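A.B. asks: For reference, the chains in residue letters:
Number of protein chains: 2
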Amino acid sequence: MAKKWVYLFEEVDEAEKYVGGDWEAVRGLLGGKGANLAEMVRIGIPVPPGFTITTEACNAYLASGGSFPEGMWDQVIEALHHVEKKTGKVFGDRSNPLLVSCRSGAKFSMPGMMDTVLNIGLNDETAQGMIELTGDSRFVYDAYRRLVQMFGSVVMNLPDEAFEEVISEARRRAGVESDAELSAEDWQAVTLKFKSIFRRMTHRNFPEDPLSQLRMATEAVFKSWNGKRAVDYRNAAGIPHDMGTAVNIVTMVFGNMGDDSATGVAMTRDGSTGEKRIEGDYLTNAQGEDVVAGIRMTKDISELKKEMPELYEEFEQICRRLEEHYRDMQDVEFTIERGKLWMLQTRDGKRTAQAAVRIAVDMTEEGLIDKAEAVLRVSPEQVDFFLHPQFDRQAREEARLAGRLIATGLNVSPGAATGVVAFDADLAEAWSREDGKDVIMVRPETKPDDVHGMLAAKGILTSRGGRTSHAALVARQFGKPAVVGVAALNIDMAKRTMTVGDKVIHEGDWISIDGNAGEVFLGQLPTTVPDIKDPWLIKLLSWADEFRRLGVWANADYPKDAQRAREYGAEGIGLCRSEHMFFEADRLPHVVKMIMTDLPIERREALAAVLPYQREDFAGLFRAMDGLPVIIRLLDPPLHEFLPNRIDLLQELCDLKIRLQHAQELAVIDDLLAQVKRKEAVLNRVESLHEQNPMLGLRGVRLGIHLPEVTLMQVRAIFEAACMVEKEGVSVHPEIMIPLTSHVNELKVQREALEKEAKIVMAEQGVQVKYKFGTMIEIPRAALTADQIAAYAEFFSFGTNDLTQTTFGISRDDAEAGFLIEYMENGILPDNPFATIDRDGVGALMEIAVSKGRGVNPDLECGICGEHGGDPVSIDLCHRLGLTYVSCSPFRVPVARLAAAHAALRDEQATS
Amino acid sequence: MAKKWVYLFEEVDEAEKYVGGDWEAVRGLLGGKGANLAEMVRIGIPVPPGFTITTEACNAYLASGGSFPEGMWDQVIEALHHVEKKTGKVFGDRSNPLLVSCRSGAKFSMPGMMDTVLNIGLNDETAQGMIELTGDSRFVYDAYRRLVQMFGSVVMNLPDEAFEEVISEARRRAGVESDAELSAEDWQAVTLKFKSIFRRMTHRNFPEDPLSQLRMATEAVFKSWNGKRAVDYRNAAGIPHDMGTAVNIVTMVFGNMGDDSATGVAMTRDGSTGEKRIEGDYLTNAQGEDVVAGIRMTKDISELKKEMPELYEEFEQICRRLEEHYRDMQDVEFTIERGKLWMLQTRDGKRTAQAAVRIAVDMTEEGLIDKAEAVLRVSPEQVDFFLHPQFDRQAREEARLAGRLIATGLNVSPGAATGVVAFDADLAEAWSREDGKDVIMVRPETKPDDVHGMLAAKGILTSRGGRTSHAALVARQFGKPAVVGVAALNIDMAKRTMTVGDKVIHEGDWISIDGNAGEVFLGQLPTTVPDIKDPWLIKLLSWADEFRRLGVWANADYPKDAQRAREYGAEGIGLCRSEHMFFEADRLPHVVKMIMTDLPIERREALAAVLPYQREDFAGLFRAMDGLPVIIRLLDPPLHEFLPNRIDLLQELCDLKIRLQHAQELAVIDDLLAQVKRKEAVLNRVESLHEQNPMLGLRGVRLGIHLPEVTLMQVRAIFEAACMVEKEGVSVHPEIMIPLTSHVNELKVQREALEKEAKIVMAEQGVQVKYKFGTMIEIPRAALTADQIAAYAEFFSFGTNDLTQTTFGISRDDAEAGFLIEYMENGILPDNPFATIDRDGVGALMEIAVSKGRGVNPDLECGICGEHGGDPVSIDLCHRLGLTYVSCSPFRVPVARLAAAHAALRDEQATS
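Here the protein sequences come in this chain order: E and Z. Throughout the first sequence, residue numbering follows numbering that gives the first Met the number 0, covering 0 to 911 in sequence. Throughout the second sequence, residue numbering follows numbering that gives the first Met the number 0, covering 0 to 911 in sequence.
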């Protein structure tokens, strides 16, 4: 017996059995559209009879080089007979003809494939029969010409213009403005002309045989899977090429058979806000195309309630039924043919991030889904959405209606941006830096030379390239909103213009791009930052907290950051970079003095001047985090970072010397000489501190050992602050962190010195403060010898930025706008390891460190405080490594809470 | 029963049983001297009767705060009785008194402890008895005054000057020049005066009771273990403090009892050359001290053969017996008392490196030891000795005899150096750089500010510091001969002089230092480089080759280096740095052109110009290594290294601009402007190539991927050369090595490109060359993902320099003269990880790499090509990791061959 290639909609149980009962696999076999049509039939929702030819048939057809697999066509014929029986109509029969549509339907919705041929089954004879049946020859000839036109353009690849020209001509002849005004005779003439165009351009007659029409349309769908645009799209979207598309053959129903007919689209909830109300548009006496095309003004779905109250109620019940069944908001298409409601499609509805959150929460409270599912329904990227500027919803809707949405492309980097168009990097930089303009940099595609312009721009737009193009990678890297691969854009670098259709945009014109939706608008659009305090989001995150096992802490250097982090749900400070405070205007002079002097006494004086500031900084942090742990990392960066830049000094010295040549007055000369002397002194110090590779130089714990006074001052400040706030009644939990440890002895030596100082301070203050002592793990050697190190550390904190730099031997500053991008473009690196932890290298070291460290000290607190702490994929890894917490920027805390919950839930699913 | 604290010499079996039969443990219990005296007794060699108080007794005494452990003193008395019985004399007996010496003797010979008290047992009464017995009152009073003097100075810590003054006074009174001319009465008077000095300075009488003398001397030896100098020495030499010293009580024998008495020292072979002949000095009618003190002119041991032929023959037999027993060259002390030969000490003799090699080889051929033992007898440092300049042996001996050896200290960095004294770093640098002088930098101790002077100096000398002092560490780092911790040096920085005793050396005076022996000479000494082609060394290394399992390859960039490496025994080239050739004068302009241009065509032209040179370089290498593998590493360093320095360019530009201010003539101005333009072009390129951390930047395989033309040119040159020499009949085995791989995809991409080019070239040339393709493992990630990488590599070569940099997160260029030294001084790092592979970190990564790599590809060739490849400790690690070979500089090949044999032999010993 031949394999089953064709499934009637009512045969979904069989399909399920064949693939092993997995709904995802059913979608794989029947395509998303086919599976949902079948599913609707199963749950008793009115769907026009029809059947699906499987994706397996498509793959077999393509693999054979263009032959239907054995038995397929027979099964199609058989299924067709079944539909004939159900509808009481007969395919190709003059008296009561069955018409069908033929639609592609892959597992994932995918542009670029052949989409739809309607009205298959019409020919001169059946058209006649239809006229007799309906008494509406205008309707029939309109349908007939649509078949010829669609068949010609989508099956035979004829240019649509040829057909459109005929219709325009017909309008001119009839002296009317719109197609709606054309008569039955006009459409009959158009149909004839279409057929002769078909003959002229294909050298064959339009197939009158309905089965030939069906066969050719089916083959065209199959072939379109490997069409250029479809392949390009799959490459860009990362969809595998071996999935194939299904073909759905469905009985035609018509919304344009009079005032008791209608057609429309709807979402079962509001896709923008998530509000629980049906949202949609419809037209009476119209075809589906008309709703989408926007030729006629559509009516809001609420009108239907008044126009056809019973049908609306049926529709509303169906929507509710669908939501209950799919346990998600649905996007549906329907047609009412002479008072009978038919559902033509259902699928999970697209929604904004806010809507996603609200729908997930509401559905949980409605009992449709449980909390775990609600948490899993919202992606970390959707939470991230709440943190980026977005276009004002109202303004965006108006712009869309005003036709200012001119093109869409790939949404490769989130956020919205508005600015003037600049077609090259130098101009983008100049306009931004010198004129303070907001710029959108527009290029056919970008290359490394463009990076400075991209960095200066507010957003990036390209006409070519996919998700891993240079433009996409750089934009994501630096958090710039970007839309790429907008094929509709025609950029003319010579003329300094871009055109979309007939719209011409000149350099300097305003445009707006939406990196979430991949949309490009003409003109300026106002942006707003969504409210992170959205009540549904707060509820969802509180549920996430119930599932996650990872703590979520934040990196914060100042009390105000700590405050914000706490508001967003942070359970501790994972990283306070104590030296950030050194750069403040009131402290830097003391710090510079401390560095410039060779005299220990001067150094101590300078440090003594910094101490009160540091103490206040820490006290503020402790107060903000009352009751929660605060990890303070001791001085990390190399000292030269606090001094002027060497190259700048050399230039300034050169300038001074040239000015000296010109100076005439003695006073001026004296002043210049004094300046030269001062600059030379600083330069000398800078030179003596200069290192070939400062990232691998005298910094971190090395500095602490080299200049013990500095770290002692910091420890004193920490403990004076801790004692002070403890006396105020604050519950304080300081954790002292040593950076850049590579050998256990570094930690040992520092721990001894620092604990001694801590003891002295606590004795002075008469307060005992509980504290922890630990280290960053950011050097491979520290990870490899974690067992030795854990003997002197109560906690580890992975500094995955430096750990990635050393594990890869890559200087992030140098590489991230350079060869790293090249590597990602070429596929040498799948991801930017500075954005997502490299599992095989850095992850392996982390695993070694955790297992060796906990082997010695089972209570070892292990966290991560690199930027990776806010990256969902990295958070998943941290969960699997059994870390205690992730620490990220305050703004990423909500994202991390959700991602940590996802990790825990996925883990549970995997092990259950 | 009390523990046994005292062992008669004849009780060595018991001691051996107690410690478990291990000779090293016996030495630990009885000390080196005691154990050897007992051992001589066991094998029937005449040793004056005596016994040893154990190191355990010493430790117990010190632990108790100064009480002999229970039973010890009783055991001493008992042992003394035993000696009395053996000698027929009685301790403290007037008629036939027993005299003994009391000497310290730790496991390792160690300066700084109380050494010897002779003639214990003499008092007014026994002296009288001795006179009656010997009839020689001069001899007896001389012995008596020596006891009082030694007891006073070493037991009671009285200043020796007081005693010496008395003797000078006595000489003056008697009107004689030397002690030898003083009469019995003179010595009797001296003895009386010594006693009154003793009384005056210690407020007690000289102990007349022989047992009190013995008890006090024993306690003094115990206490001296914790004396300041002894503790300092142990700290410097790395000897543990809990070993304790033994005390040896030995019957006195006298070489000064007439012309049938004599005393001397000898080595059983020549300690300088290793020649098989007894070498030594003696004096008739003299005490041991006299031979060492150099007061009287000693006679060569060959004289003894004529003077006392029978005794000489006995002595010769004893020497042979000792060598046979100890299976090593011995350093002995002997005394002839009235025609009876006594051996007072034996120990393994000190020897030069040449002697060590020859003795090991000769003894093997004599059948005393086997080849494995011979190989183990010579240390890699001794082979290294053959590669450093040394003082001419003859000249050094003459200088020693002329009293120009003024002091000794710690031999912390090998080699000999001669130069003028400079007391500060700036002067050392100025004299060396500007005046071309050879300088020895002399400081009380050094600190980081001194490094520039140390680098400019030929050698380094300090009066303070130990083996891990800053001076010692820096000297070893940079291969400068150094002697440190020369306590006898008195450096007066104000006067710019140093004094040793009464000798004053001024700044600018010549001195010579021997870093092997730790010796300091006045004036210049000629240096020579020992002959690496020493026939004994060649033989020893050939034996080493029989044992080692590691291959020894060499790093060589040029044919002449390859030639030398092969002569020294290299079995392949482990690293040819192909870019070194780019720096040659005839190539650099093309390379610079290649870097400066943005035009692909110009780049290809420039590379085409380099190609013939590269081809010739490789051809020469292949010819030199006919039949052996040659690993060529493709371009590694960042491009900016081929261009002028950025800071220099800025300075030059500044100078040019200042000159422009002064220029008057148009022609000059034009010329200067043109220069500015050229410099600015270069500077622009340099700026665009500038990286924050070039070590982690665009270099290695990253460059190969970024500029594929360069590596393709190199591969073409390699294969054109290989085909060419193959046609000449040379057997060529090229191995292409990719540097700095961190991700398998880098290797994959490069391998594809390079193998394609290789194929093309071989097809062009009509020759098939067998080659391998592999990668450096010098980035932690490469080691961690070695299983993935091994799928694309036939060999791994560990670049342990970069691997150490990335594993530690340390930039060697910056740290090695900076905080790394600080770390070693403070004991934070036990060794310089750039000299000796860090076992726990870098070694762990190497182990992961080897095991993961061989897991995928069992035939994977694994080598090391960092400088560590020539370091014995690292070679041992490489052996244990199962590497295929080590590759080091040609000069280190002999050292590596021996070290590899040691590793294999130790491994065998450990597992057998």
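Simulated from the structure, these hints should not be mistaken for lab results. Take these hints with a grain of salt, some might be off.
Note that the list lumps identical chains together, so a pair holds whenever it fits in one copy or between two copies.
[As the list claims (entries may be wrong)] With a straight-line cut-off of 35 Å between C-alpha atoms, the simulated DSBU-like cross-links for lysine-lysine are:
1) Lys755 to Lys446
2) Lys446 to Lys747
3) Lys676 to Lys222
4) Lys194 to Lys851
5) Lys656 to Lys676
6) Lys305 to Lys771
7) Lys16 to Lys592
8) Lys559 to Lys771
9) Lys559 to Lys370
10) Lys2 to Lys592
On a predicted model such as this, the values are computed, not experimentally measured, just so you know.
A.B. asks: Of the hints given before, which are not true for this structure?
C.D. replies: 3, 4, 6, 7, 10
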